[in-house]
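**Student:** I would like the entire structure built from these sequences, with the hints used as guidance.
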Amino acid sequence: MTLQTHYSIPTSIMLQVVDDEVLLFNSANGQFFTINEVGAGMWEVMQDYTALSDVLNELKEYFEVPLEKLTADLIVFGESLEEQQLIVCDEQ
Amino acid sequence: MNNNTTLQTQYDLLAECCKFSCDQQKIDDLVSKVMDWESLLHSAYMHGIFPLVYSALKSNPHLSHEWKEKFKHTNFKIAQQNLLMTGDLLKVLQLLQANDIRAIALKGPVLSQMIHGDVTKRQFSDLDLLIAPSQMYQAVKILTQNGYAPEYDIKFLNNRTLLKVGKDFPVKNSDNDVLIEFHWQLFLKRYIKKSNINLFSEKNHHCMINHTSVETLELNAMLLYLLLHGSKHYWERIEWVVDIDRLLQQYKADIDWDLLKSMAKEMEIEFMFYLGLAVSKQLLDTPLEPFALSYIDTDEYVQKALKAIIHEIYTDTIVHEHSELVSFENLNKIVIMKDKTNGWLRQYFVTFFEIKELDVYMVNLPNYLSYLYHIVRLYRLFNLNILRRK
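For the protein sequence lines, the chains are A and B, in the order given. Here the first sequence stands for residues 1 to 92, where the numbers follow my numbering. Here the second sequence stands for residues 93 to 482, where the numbers follow my numbering.
Incorrect hints may appear among the rest.
Computed spacing ranges between beta-carbons, pair by pair [claimed, not checked]:
#: 1; chain 1: B; residue 1: Trp349; chain 2: A; residue 2: Leu67; range: 24 to 32 Å
#: 2; chain 1: B; residue 1: Trp349; chain 2: A; residue 2: Thr11; range: 35 to 43 Å
#: 3; chain 1: B; residue 1: Asn250; chain 2: A; residue 2: Thr11; range: 20 to 28 Å
#: 4; chain 1: A; residue 1: Gln47; chain 2: B; residue 2: His165; range: 23 to 31 Å
#: 5; chain 1: A; residue 1: Val65; chain 2: B; residue 2: Cys299; range: 37 to 45 Å
#: 6; chain 1: A; residue 1: Glu58; chain 2: B; residue 2: Trp349; range: 45 to 53 Å
#: 7; chain 1: B; residue 1: Tyr343; chain 2: A; residue 2: Glu58; range: 31 to 39 Å
Simulated from the structure, these hints should not be mistaken for lab results. Note that CB positions come from ideal geometry on N, CA and C, so glycine has one too.
**Tutor:** Structure, rendered in structure tokens:
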């Protein structure tokens with residue numbers, strides 16, 4: 001996965017905040033995933049875009065971390081989402 | 093502290109936690125008097141108000157860490173189950189829509205989203221969908237082709253007696269056991285003699301769930317339906333009272349009281365209509381219109397039934413007995429007494445001779461033999477009451 005990766009979020013994915021936990025539920029396979037606060041922030045932004053590069057542009061306004069680290073974290077997060085079938089990627 | 097006082101505290105607290113604007117000071121006072129947290133947790137769950145009670149109590153300093161964790165765990169499980177069911181709802185609606193079948197979601201996730209802004213704040217154990225009778229067979233057939241199993245043979249949906257005496261058909265997701273009830277009517281004739289609610293109105297309400305627009309009843313029709321549904325079940329769950337209170341408080345501007353008043357009168361359901369409003373006012377301080385207050389204050393039967401319902405709630409009858417076995421003797425007497433001339437007679441007639449959907453599900457008789465269901469009814473009653481007792 002790279003910053004040029006395009007993705008889409010299947011309509012079967014639901015996000016729900018329960019107490020201090022953020023749940024992602026995939027109704028297509030009945031699987032639940034818990035993500036942390038940073039992941040929840042990334043997911044929120046990802047819902048508004050379709051390319052990781054755009055997500056990064058938005059995120060760097062909010063997270064006060066070096067760009068290299070933010071890029072690496074975003075790619076790792078994206079890869080884990082893809083692995084769990086929470087996003088569908090389209091290499092361009 | 094005797095048992096009555098303990099229960100009084102418990103239910104005062106549960107009711108306060110469910111109010112539209114809860115009084116934090118009152119909650120603190122009541123929390124400090126709670127003797128049995130196990131009982132409170134159980135009652136909140138049984139009354140379908142656990143998520144609201146949890147939200148109101150989770151930060152309370154009087155609640156021990158141990159109980160906070162237990163409450164949190166139960167709340168998380170409810171949230172997971174609700175998400176699972178909401179996912180099923182959206183999936184089924186999409187399937188039906190793709191096949192040009194109009195489905196109207198009732199209660200469940202859509203009501204939770206409407207009144208709490210969150211599908212996890214209201215407990216529900218199944219999904220209810222209203223479908224036009226002419227599309228019922230097709231709707232169930234589509235689901236059976238997509239991983240759902242009907243609880244009865246789908247051929248029963250061609251049985252005219254069932255369509256007349258029943259109102260819904262249960263279908264279960266074979267993978268996750270989510271139960272969906274397909275309704276072709278909302279009220280049985282024995283409760284509502286004539287219904288003039290347009291259930292498939294163009295004015296129906298739409299609610300957004302996970303970026304999907306879900307159709308539900310028009311607000312006044314919904315309120316009427318919920319009032320009748322709750323009264324039919326003697327308001328045995330506080331959750332149903334909360335539904336009324338929140339709808340009235342959050343959708344104040346959309347409620348047409350003149351229309352509701354006249355519909356209740358035309359449908360001859362004023363007792364059930366005003367009883368629901370009375371319970372909401374008594375338990376959750378719901379503000380009501382002067383005409384409703386006046387009716388409630390002056391109607392002897394509404395007053396008697398209200399007193400009996402509040403008594404049943406505060407004596408924990410519902411929680412300790414299975415809902416089907418709850419006697420509600422006092423309430424039954426009031427309802428029967430209300431039908432002054434032939435209440436008891438009618439009650440016996442209905443019990444022995446009126447065909448129920450479970451009678452039909454025993455055997456799928458061809459339509460020309462439908463009169464034999466009266467014999468099936470008597471056999472079932474004999475079997476249930478005489479043979480099983482032996």
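**Student:** Hints first: check each against the structure and report whether it holds.
**Tutor:** Hints and how they fare:
1. For the pair Trp349/B and Leu67/A, the beta carbons lie near 60 Å from each other, so the given range of 24 to 32 Å is not met.
2. At about 39 Å, the CB distance of Trp349/B to Thr11/A agrees with the hint of 35 to 43 Å.
3. Distance hint for Asn250/B and Thr11/A: a CB-CB separation of about 34 Å, inconsistent with the stated range 20 to 28 Å.
4. Take Gln47/A and His165/B: their Cβ atoms lie about 29 Å apart, and the range 23 to 31 Å holds.
5. For Val65/A and Cys299/B, the hinted distance range of 37 to 45 Å is satisfied, since their beta carbons lie about 39 Å from each other.
6. Distance hint check for Glu58/A and Trp349/B: the Cβ-Cβ separation is about 48 Å, which falls inside the suggested range of 45 to 53 Å.
7. With their beta carbons about 36 Å apart, Tyr343/B and Glu58/A fall inside the hinted range of 31 to 39 Å.
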